[in-house]
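For this one, chain A is given, so just place chain B on it according to the hints.
Residue numbers (our numbering), protein chains in the order written: chain A, 1 to 382; chain B, 1 to 160.
One should not assume that every hint holds.
[Stated by the list, open to error] DSS-like cross-link-like pairs, simulated, lysine-lysine; straight-line CA separation at most 30 Å: (1) K39/A with K155/B; (2) K125/A with K155/B; (3) K111/A with K23/B; (4) K41/B with K100/A; (5) K155/B with K100/A; (6) K41/B with K125/A; (7) K111/A with K96/B; (8) K53/B with K125/A; (9) K132/A with K53/B; (10) K41/B with K111/A; (11) K72/B with K125/A; (12) K155/B with K110/A; (13) K125/A with K96/B; (14) K23/B with K125/A; (15) K155/B with K75/A; (16) K75/A with K72/B.
The hints are simulated quantities; they were obtained by calculation from the structure and are not laboratory data.
Each chain, letter by letter, is given below.
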Amino acid sequence: MEINRNNYESFFLLYADNELSDAEKTAVAIFVEENADLKEEFSQILQLQLPAAKFHFDKSTLVNAEDYISPLEEKLLLYLDNEAGDDLNQEITKLLGFDKEIAASFALLKKTKLAAGDEYVFNNKPVLYRHKAAKVYSFKYLRWAAAAILLGIGLFAGIKIKNSGRLFNKQLQNELVQNNNNSGSKNNNTKPQAKQSNTQVIYKKENTAITGDNNSSTKPEPVIEQSSFNVSNNKISTSVNNRVIANNTKQGKIKHPDFIQQQKITPSSQNNNEPALIAFNKPVEPNIQPGKNEGTIVNSNAAKNIIDENITPLKEQFAQAAIFKEIPEENNNDKILMMEENEVKSSKVGVFFRKLKRNVERRTNIKTGKSFKIANFEIAAN
Amino acid sequence: MTEREYNECVNQYADNLYRFIVKNLQHEEDARDIVQTAFEKLWVTRHQVITNKSKSYLFTIAYNQMIDHIRKVKRISHKESFNEQSLGTSSQQHIKDALQHALNKLTELQRSLVMLKDYEGYNYAEIGEIMNLNESQVKVYLHRARLQLRSYIVKTENII
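Just chain A, with the same shape it has in the complex (with noise of 0.2 Å):
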């Protein structure tokens, strides 16, 4: 639309508002120079307009005296909580350093500051400490402590036991003596020849010619032939199949086939390495031939017949006793097989197995058939 003389007045007040565009505005200057007549009503549209003035309002009135901080104040007081930036701090620090003022000032300020003291102790720290709860492991220790005392009291009884046997050997072998001490006064001559009595060891070889029981055997074993142990004038000789294979064997003593050994045997003087069977007999003469590395075994029957004919069950008891005593304590399982199944259940050791089954079958809650369970293991208690 452009500016005429009909709309002329509309331009005029939009030009003083200066809502129009600069090329509106330079239409509306050409328009006022070619009508000279609108030029003071121009002017007279222009004078309308509010001169621009400078109001300053003291804002310090409207907030309580006590709270209003001055510019300065607040500097002050950023510099006294060291929130002051770098520039900030120059500027006050040099403030401070000429205007005794503003020093005063601040070291009022500085009063208000609060020093740590320790006066206030919390004195109930241990309340507040925390310690998690270790871990327990005393069941399991208890378990083991348990295993550890039964096993120890395993490897004591084990040990008696055994020290027990040995008692029980000597006690059989002084009663031997005695016995035969008695009887030997019985029958005048008194004496046991047990110093007599020998223990042949002999190794037969192969297709070696042996004269009595066994002869047929192929390989070198340790041969006893016999041992004589008088016991009273009437002689008793006894041999078990002629041969007895001994421990000697075992333990490396006799190293060659063809060694032979003769060893004298002593009631009183046990040895375990010797072998295990003791023959009574009447004394033989070893019919055994050293340098031809061969053994003979001549009177092995006729011992046995003798044997047969003149025992009496006082002499059957001594050789019992002898045959028990001589076995090494190691080898001597038939001792246990030669007691009776009450005599084994009444025993000391049996007797404290079954209380020691009976107490921890209470206190595991465990009820097995015929064994027990220690720290997760099951002992079998046959």
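For chain B alone, coordinates are given in the frame of chain A:
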């Protein structure tokens, strides 16, 4: 946070926290309870709390507990720290007592701000985090509190 770090926190911050609370509440038993509660909460949430933030965490909990306590109990017994003995001591002691008295005249908010700033050395932003205020609010409230303290000290000095 491990158990050991937690116990270190107890050693390091229990006294400070207790001082902060007891000076606000003026009640030792309540202050102890609040400190204990704060550490209890720290222990419970120890797996979520970073060790170097534990102090501000403790103060935040304690401050909120304290505000709750004040609102609940409505009991603030101002201890009169002025007594005849303190009046008779040196000017330094006098200013200290006057300041303590002036501190008690402040609101809990202003008192907490001053104590967190002066005792614990927190900056405005950290105080704002603890007290749930923005930095400008902390600045304005703290400055007003300082000016109030100053005016109280000036008045007391003039009287003496």
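Evaluated hints:
Under the criterion of a C-alpha separation no larger than 30 Å, the hint pairing K39/A with K155/B is inconsistent with the structure, at around 71 Å. This hinted pair does not check out: K125/A and K155/B have alpha carbons roughly 40 Å apart, beyond 30 Å. With a CA separation close to 18 Å, the supplied pair K111/A and K23/B stays within the 30 Å bound. Distance restraint check for K41/B and K100/A: the Cα-Cα separation of roughly 51 Å exceeds the 30 Å cut-off, and the hinted pair is therefore not satisfied.
Distance restraint check for K155/B and K100/A: the Cα-Cα separation of roughly 21 Å lies within the 30 Å cut-off, and the hinted pair is therefore satisfied. With a C-alpha separation of about 15 Å, the suggested pair K41/B and K125/A falls inside the 30 Å cut-off, and the hint holds. At most 30 Å may separate the alpha-carbon atoms for a hinted pair to count; K111/A and K96/B meet this at roughly 9 Å. Taking the CA atoms of K53/B and K125/A, the gap is about 20 Å. The hint holds against a cut of 30 Å.
For the proposed pair K132/A and K53/B, the alpha carbon gap of about 22 Å is at most 30 Å, so the pair holds. For a cut-off of 30 Å, the pair hint linking K41/B to K111/A is broken: about 36 Å separates their Cα positions. Taken as a hint, the K72/B and K125/A pair is honoured in the structure, with Cα atoms around 26 Å apart against an allowance of 30 Å. For a cut-off of 30 Å, the pair hint linking K155/B to K110/A stands: about 16 Å separates their Cα positions.
Proximity of K125/A to K96/B is assessed by CA-CA distance (about 28 Å); at most 30 Å being required, the pair is judged to hold. For the proposed pair K23/B and K125/A, the alpha carbon gap of about 19 Å is at most 30 Å, so the pair holds. Taken as a hint, the K155/B and K75/A pair is honoured in the structure, with Cα atoms around 23 Å apart against an allowance of 30 Å. For the given pair, K75/A sits about 39 Å from K72/B by alpha-carbon distance, which is inconsistent with the 30 Å threshold.
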